[in-house]
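Q: Sequence:
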Amino acid sequence: MASTRANADKQQERKDRIAKILNVQKIEQEIDTLKNSTLKTMEASIEAAKEMGYIERKTTGKLLEQKILTAARKKLNDGDLDGAKKLLDTRKGAIKKEKSFGKAVNEIFPGVMGIAEGIESSAKGMSGLLGPAAMAVAIFVALAKLALGYAKAIADTRKELGVSVKTAIELNTQNKILGLQAKQYGLDVEDIKNAQASIRQDLGASVQEAANLSLNFARTAAATGQTSEDLSKTLSLMESISSSSRDVLLNQIRTNAAMIEAAGIAPALVMKDIANNAEFFAQFAKDGGTNIIAAGVAARKLGLEMSAVAGISESLLDFESSIEKQMTASLLLGRQINLDKARQLALAGDQEGVMKEILKVVGGEAEFNKMNVLERKALAESVGVNVEQLSRLVRNNTAGGTAGAVGSAMGGGQSRSEGLLENMDRSLNTIAKSV
Numbered sequence: 001m002a003s004t005r006a007n008a009d010k011q012q013e014r015k016d017r018i019a020k021i022l023n024v025q026k027i028e029q030e031i032d033t034l035k036n037s038t039l040k041t042m043e044a045s046i047e048a049a050k051e052m053g054y055i056e057r058k059t060t061g062k063l064l065e066q067k068i069l070t071a072a073r074k075k076l077n078d079g080d081l082d083g084a085k086k087l088l089d090t091r092k093g094a095i096k097k098e099k100s101f102g103k104a105v106n107e108i109f110p111g112v113m114g115i116a117e118g119i120e121s122s123a124k125g126m127s128g129l130l131g132p133a134a135m136a137v138a139i140f141v142a143l144a145k146l147a148l149g150y151a152k153a154i155a156d157t158r159k160e161l162g163v164s165v166k167t168a169i170e171l172n173t174q175n176k177i178l179g180l181q182a183k184q185y186g187l188d189v190e191d192i193k194n195a196q197a198s199i200r201q202d203l204g205a206s207v208q209e210a211a212n213l214s215l216n217f218a219r220t221a222a223a224t225g226q227t228s229e230d231l232s233k234t235l236s237l238m239e240s241i242s243s244s245s246r247d248v249l250l251n252q253i254r255t256n257a258a259m260i261e262a263a264g265i266a267p268a269l270v271m272k273d274i275a276n277n278a279e280f281f282a283q284f285a286k287d288g289g290t291n292i293i294a295a296g297v298a299a300r301k302l303g304l305e306m307s308a309v310a311g312i313s314e315s316l317l318d319f320e321s322s323i324e325k326q327m328t329a330s331l332l333l334g335r336q337i338n339l340d341k342a343r344q345l346a347l348a349g350d351q352e353g354v355m356k357e358i359l360k361v362v363g364g365e366a367e368f369n370k371m372n373v374l375e376r377k378a379l380a381e382s383v384g385v386n387v388e389q390l391s392r393l394v395r396n397n398t399a400g401g402t403a404g405a406v407g408s409a410m411g412g413g414q415s416r417s418e419g420l421l422e423n424m425d426r427s428l429n430t431i432a433k434s435v
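Under our numbering, the letters of the sequence shown match residues 1 to 435, in that order.
Hint data in this document are derived by calculation from the structure and do not stem from the laboratory.
It is possible that some hints are incorrect.
[Claimed, not checked] Straight-line Cα separation of at most 30 Å, BS3-like style, residue types lysine-lysine; simulated pairs:
| id | residue 1 | residue 2 |
| --- | --- | --- |
| 1 | K341 | K301 |
| 2 | K193 | K183 |
| 3 | K193 | K152 |
| 4 | K67 | K97 |
| 5 | K96 | K85 |
| 6 | K166 | K183 |
| 7 | K159 | K183 |
| 8 | K152 | K183 |
Based on the provided sequences and hints, a complete structural model is requested.
A: This is the structure in structure tokens:
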């Protein structure tokens with residue numbers, strides 16, 4: 001019994017030894033295969049890099065590839081199969097990063113790689129012809145050419161902004177990087193520079209603040225169809241009614257532009273209206289200016305600019321004059337013209353509501369065509385527009401509800417002014433009795 005167990009143990013030991021031998025042979029075979037493969041790859045890499053200079057080998061990843069292959073071969077010679085495999089696994093990713101670095105350097109400093117490679121090539125060619133001294137002079141001239149181009153850019157920045165050399169260098173480098181990022185949005189470095197100039201001039205930002213905000217600013221200008229100058233005015237107006245940061249406000253402007261476009265109006269038209277009617281916006285804007293944007297969209301759908309909406313509001317809120325013109329129009333037209341609701345809405349800042357009320361009052365095109373010159377002029381003056389603008393209102397009033405294109409959510413807020421409106425009604429009645 002004991003001898004049988006001993007024989008079984010010996011057989012198992014022999015099997016284990018054979019398995020170890022086979023495993024070692026397998027590993028050795030795998031190492032040899034990997035060695036041969038690595039050697040072939042290394043030879044091919046060296047052959048491909050023969051005609052390259054150091055800089056080209058560096059930026060194409062060939063230099064790094066040779067280092068990785070050499071290290072992997074050393075590990076294979078030491079029997080470290082796992083270590084060699086890990087190195088070889090990282091080879092493609094590492095080479096890709098090296099290539100990306102070379103590309104980025106060339107994009108940030110255009111031509112620098114070509115100049116550097118030219119210097120290296122010249123140095124090799126002249127080393128046997130000119131001697132060390134002459135070669136050094138040639139390299140110095142080439143480097144000087146590169147330095148002068150960069151120095152001019154630094155000098156131009158200093159002249160424009162009056163900053164130190166250190167700040168000018170930092171700004172130039174930052175602008176190069178921002179220019180690369182801007183390409184993702186179809187922009188270039190000139191758009192970035194224009195944005196920075198407007199931010200500094202119109203928003204009172206520091207040089208660094210302008211640089212930090214410039215990409216978002218340039219994106220918003222492009223998305224809304226505005227020039228940098230117009231956008232800086234719009235952003236300044238938004239700041240006057242909000243405590244949000246400029247980045248947040250720029251994002252909000254892009255959102256507003258998308259809403260305007262969804263209403264079927266080119267965002268650039270409404271945004272330009274806002275920039276050109278700064279006083280009107282400052283007086284009546286609320287809820288982030290959405291009420292003014294809604295009125296601007298409504299006006300554009302009627303073929304008018306925002307200045308017309310501003311004129312209507314100003315006319316309505318000149319109570320005594322407005323009521324007098326209202327009564328004159330009523331007498332000439334032979335029908336009651338009632339603008340009390342429009343005045344209430346104007347005082348509450350509901351400009352979209354004002355436009356709806358005005359459309360109710362002016363009637364349709366058929367009625368307008370029956371009016372004589374004096375009647376048309378009286379009706380136009382009563383609502384605060386000229387006759388040409390009135391003709392647009394009645395022409396576009398046939399479909400109805402045009403002024404509500406953006407949505408009722410942009411109006412509202414009237415309940416907060418109930419006390420003021422009651423006082424205003426009493427004042428209007430008193431004025432009407434005295435006329």
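Q: Check the hint pairing K96 with K85 against an upper bound of 30 Å on the C-alpha distance.
A: 18 Å, holds
Q: Does K193 pair with K152 here, judged by a C-alpha cut-off of 30 Å?
A: 17 Å, holds
Q: Keeping to a limit of 30 Å between CA atoms, is the pair of K67 and K97 held or broken?
A: Judged against 30 Å, a Cα distance of about 15 Å means the pair holds.
Q: Assess, step by step, whether the Cα of K166 is no farther than 30 Å from the Cα of K183, and give holds or violated.
A: Roughly 26 Å separates the two Cα atoms, so the pair holds.
Q: For K159 and K183, compute the direct alpha-carbon distance and say whether it is at most 30 Å.
A: The given pair, whose Cα atoms are some 27 Å apart, holds under the 30 Å limit.
Q: K341 and K301 were given as a pair; does the straight-line alpha-carbon distance stay at or below 30 Å?
A: With a Cα-Cα distance of about 22 Å, the restraint between K341 and K301 holds, given a limit of 30 Å.
Q: Are K193 and K183 close enough, with their CA atoms no more than 30 Å apart?
A: Satisfied, since the Cα-Cα distance of roughly 14 Å is no more than 30 Å.
Q: CA of K152 to CA of K183, is that 30 Å or under?
A: 24 Å, holds
The earlier numbered hints are all upheld by this structure, with none contradicted.
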